[in-house]
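Peer 1: Each chain, written out:
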Amino acid sequence: MDPTTLTTGDLAHVDDALEDAQQSKDLLSVQPPPAMFGAGGPMLKQFDQSSAASRMASQAATPPRSVVGIGNKVAKPDYSEAKIVLAMVGLPARGKSYLSNKLMRYLKWLEYSVKVGFIGQSHCVYCHAMEFRSSTSASYDALERDKKPNSLSGQREDHTAQYFSHDNVEATRLRDQLATDSLEMLIQWLHDGGNVGIHDATNSTRSRRAKIEERVSKEKGFVTIFLESVCDDPAIIAANVALKVSYGDPDYKDMSREEAKQDFLRRIREYEAVYETITEPHLSYLRIINVGNQVTVCRINGYLQSRIAFYLMNLHLKPRSIFFSRHGESQYNVEGKIGGDSSLSERGSHYARALPALITDNIGDAPLTVWTSTLQRTIQTVQHLPYNKLTWKSLDELDAGVCDGMTYEEIEQAYPEDFANRDEDKFNYRYRGGESYRDVVVRLEPVIMELERQENILIIGHQAILRCLYAYFHNLPHADLPYIKIPLHTVIKLTPKAYGCDEERYTLPIGAVDTHRPKPGTVQPKVPVFAGREYFNEE
Amino acid sequence: MVAPLYTTASGLLFHAGKILVVTVGLPARGKTHISRALERYLRWTGVKTQVVSLGDYRRKILGGAQKLPPDYFTLGEKSPETVALRKRISDGCEQLIWDFFNSGGQVVIYDANNGTRERRQALAEKFDKEGIHVIMLESLCDNEEIILSNIRSVKISSPDVRLVSLRWQLIIALIIGSSLKYRGWDPEKAVQDYYGRIRDHEAHYEPVEETDWPYIRIVNVGEKIMVNRIHGYLQSRIVFFLMNIHNRFRTIYFARSGQSLIEHSYKADSDLSPPGWEYAERLKEFVLDRRAKALQQRGVDIEDRRLVVWTSARRRSHHSAWPFLNLTENDKVKLPRVKVVEKPQMSEINPGVWDGLSPDQVRKFYPDEWERFVRDPYAYRAPRAESYHDLCVRLEPTLIELEREQEDLLIIGHASVIRCMLAYLIGLPASEIPAIEVARGDLIEVVPTSYGVHSQAYHFWDGPGRSQNGGGVGKDEHNFYENYAEDTQGKRRPQTAEAVDAIPS
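Protein sequence lines correspond, in order, to chains Y and D.
Once you know that position 125 of the first sequence is 125 in full-length UniProt numbering, the rest is easy, because the numbers rise by one and skip nothing.
Once you know that position 388 of the second sequence is 388 in full-length UniProt numbering, the rest is easy, because the numbers rise by one and skip nothing.
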């Protein structure tokens, strides 16, 4: 409908509303009434001006800065008290790296500062950056193995064996030195503001664990947790070995795949001979058997620690896919307004009708659950899908507070400075009476937890929500998070793999406006205003 | 960390089946305590949960220990009469479990020893066959001290109940039902009797080693937790909850934020009014005094205990904690260590499109929605607003954190948020949450004990923004989405002028 033409019905409506307003002597002029303190109306500004006086009478010595306008930047919460050394324990190919990677991604997403310290990091200045992890851990493996000099084989092994085996005492000393240095680096890093330092080594003997625990306990407020990954499922071990061999481990670069595999398996057997599972009753540890099947949690105190434990408990390795899509184009999208709870536009409904075919083509008969927010536009988008559906309040769009229902142009006009502020630091900017991206991340944490537990899931969400979820799966930094491109009428398929996610995008050729706002000042293509919001032309 | 809990037509949660939690463990291993805590938590999240206690059932049917045949508790050979009697009791309990499942219940916690493998296997198979998920919840204890203190506190002594309302007393009494057996006994004799029973059991106890059933094993009240094959939504919630409960002594204080310039708008997120700032100062002084006194009474050194203050990210709440960030030297004597944390999940209930409107305006512009809201303020979600149920879901991670917190805690929050948290701590049914009174100017002190909580409200402030008549018409009318339910639900609504007069102002 053309908004400029008014029908007689509309006029009658306005008349009624004005009459009502006169009767009740309030400011309401339409039905339902607009938000009383929206940034679009005059009340908010008047209120801010008038309340400035009352703040002067405040009793507090230095009252906190008053926020006027449409929002403010919010500082990151104080995590400075969380100081954890998480020491991995486990044989090679038992999924230690998988667990530590997942955990790092999760904690980083929650804005903890996390670092994985590999053994021998400090000695690795000569290593090529790309080979960094594998070569260092490989040489460490070689060191460990050196306890049994006869077990070595293979080209590179011979080299390392030669290097170390002529002096076993020297090897032991060096090995200890490497482990100690790496731990020292982690501790230093924690002092410098880190939160969780992951000590990624096999730590397979009691004496080594005792050393770590003893060293960390010298630091006030520091906590050690051991994370043991046990796996007795031959299929998982084989998959891990295959992954290790095929990832181009520099240790094996001159070997055939089969040779490399044999060598790696031999290496594992060497470890098995000296491996001691955690039985020390005084240690605080987590033991995960076959990724989540069986879990032991011992002496885990503290909130972050228990959260880590719960997260690891919820992981599984079953193959599955996660589908993201925004709702179909809504009326508000067409009008360029943010927030609201509008219905789908005609093109949006078209998308809702086309969605089932796209999903079923992709997933076949596999079971799937659909999650939506509580807002109309997502519920309407899934109405034709033949799957179980759940609505989550926590999937609702970022609350724009006083700006809800306005266009960006209107906001910019009413509050130019605030508007610029948000662009400066979008992640930390909290709309007055609404949310920041950080608030959304906090609110989505339960969703992530549940997503880790589930199998095939389709989430029909909103731009800001999907940006946050997407950033979790791809480990993207928070500063970039608010600028991730999640276009309308596009299904994003993520398939979790050992070290990340594979991604496919399916865009349906149904026109929609482009709601993406790049960060001002960054290069963006110049296009005419009205066409610029379209990325598909309707046939 | 709770997913939305949606009930289907059957009254069950959408994505969780029926669950039977079978407790396993010797007497005095904290089974009852854990069962009750779990029941309280699950009920609060909206799950229909029931503890079926074999001990309670036996006492109800057969009476106290004195009335039982002497070989009732001793294991080993028993007379045929005793065997029949025991079977009658366990069959009766199983019937109770079936009754609850059949009447729409979702989780049953079967609080009994279940100490033999054979017994557990039979029980689990029976329920598993009918499609019920069985979990073994074993509580082990190898610390003699914990066991003895369990016997003395839970089983023998009646708790020192100093509560503000009769109903709470009733709830507490229900929780400690198991102590009825020893009422009137000489305490030492009671301990001996109970200890003897434990020794008998120990000889025949078979810990859960069978890995074909999902199990959770708790050692020394949470020191160590082992989990086997726990899958499913509610199951993993149960584990996380159990991982976080502890029994260290601490106190939780609740207070509302001070009055703000625009009380009735969520969006405006306004600053405190001058009386609001005054309130914040008074709150700080009162908390310092009250806490110093409480710690002194318990003989705890004030230097040992930190006070953690939680506020929401709303300005009225965070500013009300401002005086805690600006302590004078005098204050620091009473409160040497304090930390203020802002939690965005703790914002008040979101009124959605009704923000800033008066009840009259809402009635006028949203008559249908209004009707439904008044009928069920707990579950009804106004357009784009949150229901109290939504709020509970949002607060759940904070609640787990509250359980986990070891230090004293002061929560400076909003009425709706305090209601949800109090309801959980006290164990009130969900439907009553909107009607709980939380007056501005009261400091609510909650002390968790092994039976539930002791709670006490202290009045410390009168002034603008305090509800004038403790729950009558006109209470916080400008903030009606948060507070209107007090007037619409439940017993606290004064019906007559007499009732209004009876409430102290």
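There's no promise every hint is true.
Unchecked claim - Once the Cα atoms are required to be at most 20 Å apart in a straight line, the calculated SDA-like pairs of lysine to any residue come out as:
no. : chain 1 : residue 1 : chain 2 : residue 2
1   : D       : Lys224    : Y       : Pro281
2   : Y       : Lys393    : Y       : Pro446
3   : Y       : Lys76     : D       : Ala439
4   : Y       : Lys220    : D       : Ser236
5   : Y       : Lys497    : Y       : Glu452
6   : Y       : Lys318    : D       : Tyr233
7   : Y       : Lys393    : D       : Pro69
8   : D       : Lys224    : Y       : Glu280
9   : D       : Lys189    : D       : Pro69
10  : Y       : Lys393    : D       : Asp376
11  : Y       : Lys218    : Y       : Cys231
12  : D       : Lys339    : Y       : Gly193
13  : D       : Lys339    : Y       : Tyr303
14  : Y       : Lys318    : D       : Ser236
15  : D       : Lys224    : Y       : Thr277
16  : D       : Lys224    : Y       : Gly302
17  : Y       : Lys337    : D       : Pro383
Unchecked claim - Here are some chain D residues the structure puts well away from chain Y; computed CB gaps all over 12 Å:
no. : residue
18  : Asp99
19  : Asn102
20  : Gly105
21  : Asn113
22  : Thr116
23  : Gln192
24  : Glu206
25  : Pro214
26  : Lys224
27  : Met226
28  : Tyr233
29  : Arg314
30  : Val446
Stated by the list, open to error - Covered stretches of chain Y, as calculated for chain D (at least 3 residues, CB under 8 Å):
no. : region
31  : 98-110
32  : 302-310
33  : 409-418
34  : 422-435
In case anyone wonders, no lab produced these hints; they're calculated from the structure.
Ideal Cβ positions, reconstructed from N, Cα and C, are used throughout, including at glycine.
Peer 1: Tell me, which hint numbers fail for this structure?
Peer 2: 3, 4, 7, 11, 25, 26, 27, 28, 29, 31 and 33
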